[in-house]
Amino acid sequence: MTLLDTINSPKDLKKIPLSQLPQVCDEIRSFLLHTLSQTGGHLASNLGTVEMIVALHYVFDSPKDHFIWDVGHQTYTHKILTGRKNKLHTVRQFEGMSGFPKREESKHDHYNAGHAGTSISQAIGEAVAKKISGLKTGNIISVIGDASIASGMAFEAINHGGHLKIPFLVILNDNEMSISKNVGSLSYVLTSMINTSFYKSWRQKWTSCIHRLPIVGPVFERIMLRFRSSMKSIITEHQFFEELGFRYLGPLDGHNVVKMVHMLHRLENLDQPTILHLITKKGKGYEPAEVDPIKFHGVSPFEKTTGATRQNDNGKWPLSEFVGQSLSAMAGKDKKICVITPAMGEGSGLTEFEKLFPDRFFDTGIAEQHATTFAGALANSGLKPFLCIYSTFLQRGFDQLIHDIALMNLPVKLVIDRAGIVGGDGETHHGLYDISFLSGIPNLTLLSASTAQELMQMLEFMKNFDSGPIAVRFAKMSAPKELFTEWATSTRKSNTSKTATIKSEILLTGKVAVLIAEGVMVKNALEAAEILAAKKISLEVVSLRTIKPLDLKTLRKSIANKKFVFTIENHVASGGTGFYIQNTLSKELTNKTFTAFSYPDEFIEHGGINELQHKFGLDAKSIAASIEKTIKHKLKK
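Per our numbering, the very first residue in the sequence shown carries number 3; after that it's consecutive.
Since the hints were derived computationally from the structure, they do not count as laboratory data. Model, not experiment: these values are computed from the prediction. Some clues are possibly wrong.
Quick list of in silico lysine-lysine cross-link-like pairs, PhoX-like style, CA-CA up to 20 Å [said to hold, decoys possible]: (1) Lys559 x Lys589; (2) Lys17 x Lys66; (3) Lys631 x Lys564; (4) Lys565 x Lys513; (5) Lys537 x Lys483; (6) Lys513 x Lys564; (7) Lys261 x Lys16; (8) Lys16 x Lys109; (9) Lys132 x Lys167; (10) Lys634 x Lys565; (11) Lys167 x Lys138; (12) Lys537 x Lys636; (13) Lys537 x Lys638.
Pair ranges (Cβ atoms, derived) [unchecked claim]: (14) Leu20 x Lys623: 51 to 59 Å; (15) Phe618 x Thr308: 36 to 44 Å; (16) Ser588 x Val130: 45 to 53 Å.
Idealized CB from N, CA, C, for every residue including glycine.
With these hints in hand, go ahead and build the complete structure from the sequences.
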């Protein structure tokens, strides 16, 4: 039996002798590696936080002490230690354990997480509530990474927290830097020393004594504070946080669990907001992940000995790769094209573009608001900016999209990846709301691509579109690589006209009913029509390539002689294409049976895309059955 076999709660962990915690960490790392090689999941980030999380649970008392996680994909060890070890093999799978903290899953998860930069704001809120309520017990610990702490929201929170001077602890998990020689032992000793109760008591009494001295007291106090800050700056080179009102400690080795335990014991009763800076390594303990942490950030099942994925791509690319390759090809001909991404260069398929055009590639970090306004300024200056962003993250730039782009009708090109259901990342990452919040913005044109071919055609069209902001949404899916070669060859032979338009298209004609499909749902619609054709039900299928403005000519032509009109979309019901079409064509739909198929207005769980489509009746067989039932029921009357 291993030590990990005996641990099913934080209380069990506390029974382990301190000297054996390194062994516990090794066993957890092996368990993570074995399980995730079979199931997939977030690997590199979780291998890098094992010791940190073990130390936190060893010292603090969850759930009385609140751990508030930023993003949260690095919390698998937290889940293992809080009674969910035997569920790890279900992580990110349909009806399985979430890959992020989730309140409904455990009392040890105080907030649902998934987006970056939120944890410090939440910690401040809890600290203020604790003070107002008069609570004397319970520590509040925010855990945030070096990328997240650079986000605007985190800076806003730090500024507010330093102003309030209310005590709580921020653990800064820094996995990008390495520990230099001048950090090690000296930093640890000094940091430990200044956090002893003796030092705190001495500092408070000495400051109080100086402050009471007449005339010279306040002056001497300021001199001492400046001397203390200057000396600490020489030693740690990190005065930034202290200037904002936080006590800064570290950096410490985030993989030395014993030293972290000693340090955290000294931080159980804080008297001011404090940041503890830990240095960790993504992929720690697994060489392939240490060498390439980006590749092993989120993994499919893989061979543990080599790191090779078990899933063959079958010669396919994700649509994001088609975006990157297409933009690279276009930028080679047009020097005005540039690309912006908020920390999603690899995920958005932009690695090649960055290599080829480093001066026209801008990774703003986790700063969606800045990225959006920045894109607007580039467009206003005569460039052709493509803002490549996930649907779920575009939500964070909503105000800037209205105020800094659409209001001035600036021709920014929005490339909205992961629109609709995204699978294992679940509620926080599904892109189910972009149609609703984009369709209400004046001046904005919204397209929807159902295939790789359409996506590349739309990108080419968007390049010279200068009538205002334009966006294309596309789902998380893949397509044969050869399609890019075919597209590149065809575009070399013909130039896309500046006045060309993107129209919706009737893909299949029918007599009784029409199904208007958006994006990836076009495939399901065509398959549903094939099923119904075998039952002698003629279904017309329209690909809704233009969501805003609607291609009214095509839609009116299609619904003119139909008794039944259906819509299907990769989006929620409220504010979606069904809602939009029904309101826009209300007169044309009089005396017709109208039904909109979409995801319900609720937060959709994580799971496989096909599984979720089936659960909510949006797969081809379910759609065909629903249409058949509706038609037969109405015709009987």
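Quick one: which hint numbers does this structure break? Sort them smallest to largest. 5
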